[in-house]
Amino acid sequence: DAMVIQNPRYQVTQFGKPVTLSCSQTLNHNVMYWYQQKSSQAPKLLFHYYDKDFNNEADTPDNFQSRRPNTSFCFLDIRSPGLGDAAMYLCATSIRDRGRDTQYFGPGTRLTVL
Amino acid sequence: TQLLEQSPQFLSIQEGENLTVYCNSSSVFSSLQWYRQEPGEGPVLLVTVVTGGEVKKLKRLTFQFGDARKDSSLHITAAQPGDTGLYLCAGGLNLIDGGSQGNLIFGKGTKLSVKP
Chain A
344 DAMVIQNPRY QVTQFGKPVT LSCSQTLNHN VMYWYQQKSS QAPKLLFHYY
394 DKDFNNEADT PDNFQSRRPN TSFCFLDIRS PGLGDAAMYL CATSIRDRGR
444 DTQYFGPGTR LTVL
Chain B
9 TQLLEQSPQF LSIQEGENLT VYCNSSSVFS SLQWYRQEPG EGPVLLVTVV
59 TGGEVKKLKR LTFQFGDARK DSSLHITAAQ PGDTGLYLCA GGLNLIDGGS
109 QGNLIFGKGT KLSVKP
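Protein sequence lines, in the order shown, are assigned to chains A and B. Per the working numbering, residue 344 is the first one in the first sequence, and the count goes up by one each step. Per the working numbering, residue 9 is the first one in the second sequence, and the count goes up by one each step.
Hint data in this document are derived by calculation from the structure and do not stem from the laboratory. No residue lacks a Cβ here, since even glycine has one placed at the ideal position from N, Cα and C. Take these hints with a grain of salt, some might be off.
Unchecked claim - Pairwise CB distance ranges (calculated):
hint: 1; chain 1: A; residue 1: 394; chain 2: B; residue 2: 11; range: 40 to 50 Å
hint: 2; chain 1: A; residue 1: 426; chain 2: B; residue 2: 18; range: 40 to 50 Å
hint: 3; chain 1: A; residue 1: 429; chain 2: B; residue 2: 11; range: 23 to 33 Å
hint: 4; chain 1: B; residue 1: 11; chain 2: A; residue 2: 416; range: 30 to 40 Å
hint: 5; chain 1: A; residue 1: 365; chain 2: B; residue 2: 86; range: 23 to 33 Å
Unchecked claim - Far from chain A by the CB rule (all over 12 Å, computed), these chain B residues:
hint: 6; residue: 32
hint: 7; residue: 45
hint: 8; residue: 49
hint: 9; residue: 56
hint: 10; residue: 58
hint: 11; residue: 61
hint: 12; residue: 63
hint: 13; residue: 66
hint: 14; residue: 75
hint: 15; residue: 78
hint: 16; residue: 81
hint: 17; residue: 90
hint: 18; residue: 94
hint: 19; residue: 100
What the hints assert, rightly or not - With a Cα cut of at most 20 Å, we get these calculated EDC-like pairs of lysine to aspartate or glutamate:
hint: 20; chain 1: B; residue 1: 116; chain 2: A; residue 2: 405
hint: 21; chain 1: A; residue 1: 381; chain 2: A; residue 2: 396
hint: 22; chain 1: B; residue 1: 119; chain 2: B; residue 2: 49
hint: 23; chain 1: A; residue 1: 395; chain 2: A; residue 2: 428
hint: 24; chain 1: B; residue 1: 78; chain 2: B; residue 2: 13
hint: 25; chain 1: B; residue 1: 123; chain 2: B; residue 2: 46
hint: 26; chain 1: B; residue 1: 116; chain 2: B; residue 2: 13
hint: 27; chain 1: A; residue 1: 381; chain 2: A; residue 2: 400
hint: 28; chain 1: A; residue 1: 387; chain 2: B; residue 2: 75
hint: 29; chain 1: A; residue 1: 387; chain 2: B; residue 2: 13
hint: 30; chain 1: B; residue 1: 116; chain 2: A; residue 2: 420
hint: 31; chain 1: B; residue 1: 119; chain 2: B; residue 2: 75
hint: 32; chain 1: B; residue 1: 119; chain 2: B; residue 2: 25
hint: 33; chain 1: A; residue 1: 387; chain 2: B; residue 2: 25
hint: 34; chain 1: B; residue 1: 116; chain 2: B; residue 2: 49
hint: 35; chain 1: A; residue 1: 381; chain 2: A; residue 2: 394
hint: 36; chain 1: A; residue 1: 381; chain 2: B; residue 2: 13
hint: 37; chain 1: A; residue 1: 381; chain 2: B; residue 2: 49
hint: 38; chain 1: B; residue 1: 119; chain 2: B; residue 2: 13
hint: 39; chain 1: A; residue 1: 387; chain 2: A; residue 2: 428
hint: 40; chain 1: B; residue 1: 123; chain 2: B; residue 2: 91
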């Protein structure tokens with residue numbers, strides 16, 4: 344089945360220790376998104392790739408970076424995680440369609456910062 | 009600033025009751041998506057509506073998109089404990105409306121608890 348896969352599902356890191364979360368998709372969608380979600384809140388968009396074009400949200404901290412080496416994979420790098428970065432990180436994909444994009448989410452990675 | 013007001017924020021009901029969740033905005037959306045999310049999991053798409061006045065049904069769930077494409081509702085008939093979760097509405101904007109093409113505007117979510 345076509346899907347969005349996130350690894351790992353659970354990640355524990357130490358304060359200040361860089362961490363990378365990964366997302367892969369078999370949907371062949373041209374857009375990939377990274378969201379941060381804190382407890383019982385709506386997902387907050389960090390950035391997205393439209394093909395190879397990177398689009399950063401204005402309020403996304405510099406601590407968060409992303410890479411998309413090919414259509415199928417996208418990575419979220421947190422350079423120096425702080426306690427406030429503990430959250431669920433969601434990857435989503437879509438096909439760009441004049442604002443009618445339907446986004447499909449992965450299962451998420453729960454990040455714990457010690 | 010585009011906002012999508014979702015209400016109620018919390019809802020606790022008994023099995024068998026009906027409920028409605030609302031999403032309202034002053035912005036016109038090209039599409040409106042509803043998701044359901046369980047704890048520790050990603051949001052799962054329930055439906056996408058794109059036409060003003062559109063009504064879609066998914067078993068006991070009925071979704072409606074307002075005629076002006078500014079609002080939407082989700083109605084659940086005879087709720088069951090398995091319906092428990094966080095329901096999110098999200099509106100899509102195109103460049104004509106001033107939004108970032110393809111990005112979604114999320115409501116704050118409705119946390120539904122259905123007790124047996």
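Going through the hints against the structure:
Checked against the given bound of 40 to 50 Å, the beta carbons of residue 394 of chain A and residue 11 of chain B, roughly 29 Å apart, lie outside it. A beta carbon spacing of about 27 Å between residue 426 of chain A and residue 18 of chain B contradicts the range 40 to 50 Å that was offered as a hint. Here the CB-CB span from residue 429 of chain A to residue 11 of chain B is close to 27 Å, well matched to the stated 23 to 33 Å. One distance hint, 30 to 40 Å for the beta-carbon pair residue 11 of chain B and residue 416 of chain A, holds here, with the actual separation near 33 Å.
Range check, residue 365 of chain A to residue 86 of chain B: about 41 Å between beta-carbon atoms, so the 23 to 33 Å window is missed. The claim that residue 32 of chain B lies off the interface holds: its Cβ sits roughly 15 Å from the closest Cβ of chain A, which is beyond the 12 Å cut-off. Listed as a non-interface residue, residue 45 of chain B fails to keep its Cβ farther than 12 Å from every Cβ of chain A; the least gap is roughly 8 Å. Chain A draws residue 49 of chain B into its interface by the beta-carbon criterion, the shortest separation being 6 Å against a cut-off of 12 Å.
The claim that residue 56 of chain B lies off the interface is violated: its Cβ sits roughly 5 Å from the closest Cβ of chain A, which falls inside the 12 Å cut-off. Distance check for residue 58 of chain B against chain A: the nearest CB is about 5 Å away, which does not clear 12 Å, and the non-interface claim fails. Every Cβ of chain A is farther than 12 Å from the Cβ of residue 61 of chain B; the closest lies at roughly 16 Å, confirming the non-interface assignment. No Cβ of chain A comes within 12 Å of the Cβ of residue 63 of chain B; the nearest lies about 18 Å off, and the non-interface call holds.
Distance check on residue 66 of chain B: its Cβ is at least 15 Å (rounded) from any Cβ of chain A, clearing the 12 Å threshold; non-interface status holds. Every beta carbon of chain A lies more than 12 Å from that of residue 75 of chain B, the smallest distance being close to 18 Å; the non-interface claim holds. The claim that residue 78 of chain B lies off the interface holds: its Cβ sits roughly 14 Å from the closest Cβ of chain A, which is beyond the 12 Å cut-off. Distance to chain A confirms residue 81 of chain B as a non-interface residue, since its nearest Cβ pair spans about 18 Å, more than 12 Å.
The Cβ of residue 90 of chain B lies farther than 12 Å from every Cβ of chain A, with a closest approach of about 18 Å, so its non-interface assignment holds. Non-interface status of residue 94 of chain B relative to chain A is broken: a Cβ of that chain comes within 12 Å, the nearest being about 6 Å off. Its closest Cβ contact with chain A, about 5 Å, brings residue 100 of chain B to no more than 12 Å, contrary to its assignment away from the interface. Pair hint residue 116 of chain B plus residue 405 of chain A does not hold up; C-alpha atoms about 25 Å apart against a cutoff of 20 Å.
Of the pairs offered as hints, the one joining residue 381 of chain A and residue 396 of chain A is violated, with about 27 Å between alpha carbons and a cut-off of 20 Å exceeded. Proximity of residue 119 of chain B to residue 49 of chain B is assessed by CA-CA distance (about 14 Å); at most 20 Å being required, the pair is judged to hold. Between the alpha carbons of residue 395 of chain A and residue 428 of chain A the distance comes to roughly 26 Å, so the proposed pair goes past 20 Å and is violated. For a cut-off of 20 Å, the pair hint linking residue 78 of chain B to residue 13 of chain B stands: about 11 Å separates their Cα positions.
The hinted pair formed by residue 123 of chain B and residue 46 of chain B meets the criterion: a straight-line CA distance of about 16 Å does not exceed 20 Å. Simply put, residue 116 of chain B and residue 13 of chain B have alpha-carbon atoms about 7 Å apart, close enough for the 20 Å limit, and the pair holds. Between the alpha carbons of residue 381 of chain A and residue 400 of chain A the distance comes to roughly 17 Å, so the proposed pair stays at or under 20 Å and holds. A C-alpha spacing of about 28 Å is found between residue 387 of chain A and residue 75 of chain B, which places the hinted pair above 20 Å, so the restraint is violated.
Taken as a hint, the residue 387 of chain A and residue 13 of chain B pair is honoured in the structure, with Cα atoms around 15 Å apart against an allowance of 20 Å. Only pairs whose Cα atoms come within 20 Å are accepted, and residue 116 of chain B paired with residue 420 of chain A is rejected, the gap being roughly 26 Å. With a C-alpha separation of about 26 Å, the suggested pairing of residue 119 of chain B with residue 75 of chain B is violated against the 20 Å cut-off. For a cut-off of 20 Å, the pair hint linking residue 119 of chain B to residue 25 of chain B stands: about 16 Å separates their Cα positions.
Proposed proximity of residue 387 of chain A and residue 25 of chain B is contradicted: the alpha carbons are some 32 Å apart, above 20 Å. Taking the CA atoms of residue 116 of chain B and residue 49 of chain B, the gap is near 17 Å; set against the 20 Å cutoff, the hint holds. For the given pair, residue 381 of chain A sits about 27 Å from residue 394 of chain A by alpha-carbon distance, which is inconsistent with the 20 Å threshold. Between residue 381 of chain A and residue 13 of chain B the CA atoms are separated by roughly 19 Å; this keeps the pair inside 20 Å, and the hint holds.
Proximity of residue 381 of chain A to residue 49 of chain B is assessed by CA-CA distance (about 12 Å); at most 20 Å being required, the pair is judged to hold. The straight-line distance between the Cα atoms of residue 119 of chain B and residue 13 of chain B is roughly 14 Å, inside the 20 Å bound, and the hint therefore holds. Using a Cα cut-off of 20 Å, the hinted pair residue 387 of chain A and residue 428 of chain A holds, with the two alpha carbons roughly 12 Å apart. With a CA separation close to 10 Å, the supplied pair residue 123 of chain B and residue 91 of chain B stays within the 20 Å bound.
Checked against the numbered hints above, the structure violates hints 1, 2, 5, 7, 8, 9, 10, 18, 19, 20, 21, 23, 28, 30, 31, 33 and 35; every other hint is satisfied.
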